[in-house]
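J.: Below are the chains, spelled out letter by letter.
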Amino acid sequence: MAWMAWTWPTAAFFAFIACTLIVFSVLAIKYPETPRRGILGTETTRGDRVFISLLGSAFINLAWLGIVGENQPWALAVCLVYAAAVFRWV
Amino acid sequence: MEKTVNQKAWFLVLPVLVLVAFSAVIPLMTVVNYSVQDTFGQNQFFWAGLEWFREMLESERMWNALGRQLLFSGIILAIEIPLGIFVALNMPKSGFWSSVCLVLMSLPLLIPWNVVGTIWQIFGRVDIGLLGYTLDAVGISYNYTQDVFAAWFTIIIMDVWHWTSLVALLAYAGLKSIPDAYYQAAKIDQASRWNVFRYIELPKMMGVLMIAILLRFMDSFMIYTEPFVVTGGGPGNATTLLSIDLVKMALGQFDLGPAAAFSLMYNLVILTMAYVFYTVMTTLEKRGG
Numbered sequence: 000m001a002w003m004a005w006t007w008p009t010a011a012f013f014a015f016i017a018c019t020l021i022v023f024s025v026l027a028i029k030y031p032e033t034p035r036r037g038i039l040g041t042e043t044t045r046g047d048r049v050f051i052s053l054l055g056s057a058f059i060n061l062a063w064l065g066i067v068g069e070n071q072p073w074a075l076a077v078c079l080v081y082a083a084a085v086f087r088w089v
Numbered sequence: 000m001e002k003t004v005n006q007k008a009w010f011l012v013l014p015v016l017v018l019v020a021f022s023a024v025i026p027l028m029t030v031v032n033y034s035v036q037d038t039f040g041q042n043q044f045f046w047a048g049l050e051w052f053r054e055m056l057e058s059e060r061m062w063n064a065l066g067r068q069l070l071f072s073g074i075i076l077a078i079e080i081p082l083g084i085f086v087a088l089n090m091p092k093s094g095f096w097s098s099v100c101l102v103l104m105s106l107p108l109l110i111p112w113n114v115v116g117t118i119w120q121i122f123g124r125v126d127i128g129l130l131g132y133t134l135d136a137v138g139i140s141y142n143y144t145q146d147v148f149a150a151w152f153t154i155i156i157m158d159v160w161h162w163t164s165l166v167a168l169l170a171y172a173g174l175k176s177i178p179d180a181y182y183q184a185a186k187i188d189q190a191s192r193w194n195v196f197r198y199i200e201l202p203k204m205m206g207v208l209m210i211a212i213l214l215r216f217m218d219s220f221m222i223y224t225e226p227f228v229v230t231g232g233g234p235g236n237a238t239t240l241l242s243i244d245l246v247k248m249a250l251g252q253f254d255l256g257p258a259a260a261f262s263l264m265y266n267l268v269i270l271t272m273a274y275v276f277y278t279v280m281t282t283l284e285k286r287g288g
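Going down the list, the sequences are from chains R and Z. Residue numbering for the first sequence follows numbering that gives the first Met the number 0, beginning at 0 and increasing consecutively. Residue numbering for the second sequence follows numbering that gives the first Met the number 0, beginning at 0 and increasing consecutively.
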């Protein structure tokens, strides 16, 4: 494991991703849902919306880092708003 | 007939999951770990936070490589898609010659990337290559190792030669699926050749064309071997596309941290495109296109 050069923040990051995936897999099995058509015009399921939220969050964080450049944790707040919007409208 | 629901089938994909974990997930995790640390070798790492990401976002080198990459992908798409459609429209629809065409067209697709690079590297040489020698003989100055335009010309022509057949074959498959009744109706209406193309063939090809565009965009966005073999990213940095730059940074300079941050951002773009690709394909399938 030493060669993977683990750090606490990256471990926490992956733990968060893994938890998200597990929670939503369990949700998908326990409460199956029908896909719905959102503002993107394509059918999305909860899983799709998680993926769009995570991917978008990565871009939001990068944009924050490149444009604002400080107070990085605030980017996470933007991500939360974004994720909420994705789950509501996409 | 009702389908049997049997979730046990999921266990059969476990071996694939293990394989993917070793070939993709664990290396990717390591890259994420590298991207937030600095190292001077000997497996010693120092916390660097988001420094490498900041450095990469401000790096002119990365933006330039991205610009070149987008230019490359844009040019090859602008050539390969119309050319592929044109070739498909002019291919025989049935009989002996249609088989001959299909076999000939698939040939470039079967050649490994590094061999394609070597073929064109030799083909373009002024001393022994047919293309380079001929151009030189008719008085056109052509030297892909020194002239930026010639280098770009070579890698673009090479990609067009390698991949136009893929677009043509996909478009051909789309054309073959159009029932004859459409053409007969067009004939009765005395539609012009252009109108037949615009209102019958193009809409019917849209599904496969979309796949062709996305496939070619993603492939060209990740291209490494062919331009590397032909120009090595030169002259200067003129043909240093994203992946060539990344390899230079990671293996040439051994800047693991910045290269890791770079490759993660690169990966994000590819991931986004892959998702778009997947969504478009599934949407088209549902529409029955």
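Derived by calculation from the structure, the hints in this document are not laboratory data. Check each hint, because a few of them may be wrong.
[Unchecked claim] Selected chain R positions facing chain Z (Cβ under 10 Å, derived; list incomplete):
| hint | residue |
| --- | --- |
| 1 | T19 |
| 2 | A27 |
| 3 | T33 |
| 4 | I38 |
| 5 | S52 |
| 6 | A57 |
| 7 | N60 |
| 8 | L61 |
| 9 | G68 |
| 10 | A76 |
| 11 | C78 |
| 12 | V80 |
| 13 | A82 |
Don't be surprised by glycine CBs; every beta carbon is placed ideally from N, CA and C.
J.: If a hint holds in the structure, say so; if it does not, say that too.
T.: Results for each hint:
{"no.": "1", "hint": "T19", "in the structure": "violated (15 Å)"}
{"no.": "2", "hint": "A27", "in the structure": "violated (12 Å)"}
{"no.": "3", "hint": "T33", "in the structure": "violated (13 Å)"}
{"no.": "4", "hint": "I38", "in the structure": "violated (14 Å)"}
{"no.": "5", "hint": "S52", "in the structure": "violated (12 Å)"}
{"no.": "6", "hint": "A57", "in the structure": "holds (5 Å)"}
{"no.": "7", "hint": "N60", "in the structure": "holds (9 Å)"}
{"no.": "8", "hint": "L61", "in the structure": "holds (7 Å)"}
{"no.": "9", "hint": "G68", "in the structure": "holds (7 Å)"}
{"no.": "10", "hint": "A76", "in the structure": "violated (17 Å)"}
{"no.": "11", "hint": "C78", "in the structure": "violated (14 Å)"}
{"no.": "12", "hint": "V80", "in the structure": "violated (20 Å)"}
{"no.": "13", "hint": "A82", "in the structure": "violated (16 Å)"}
Of the hints listed earlier, those the structure fails to meet are numbers 1, 2, 3, 4, 5, 10, 11, 12, 13, in rising order.
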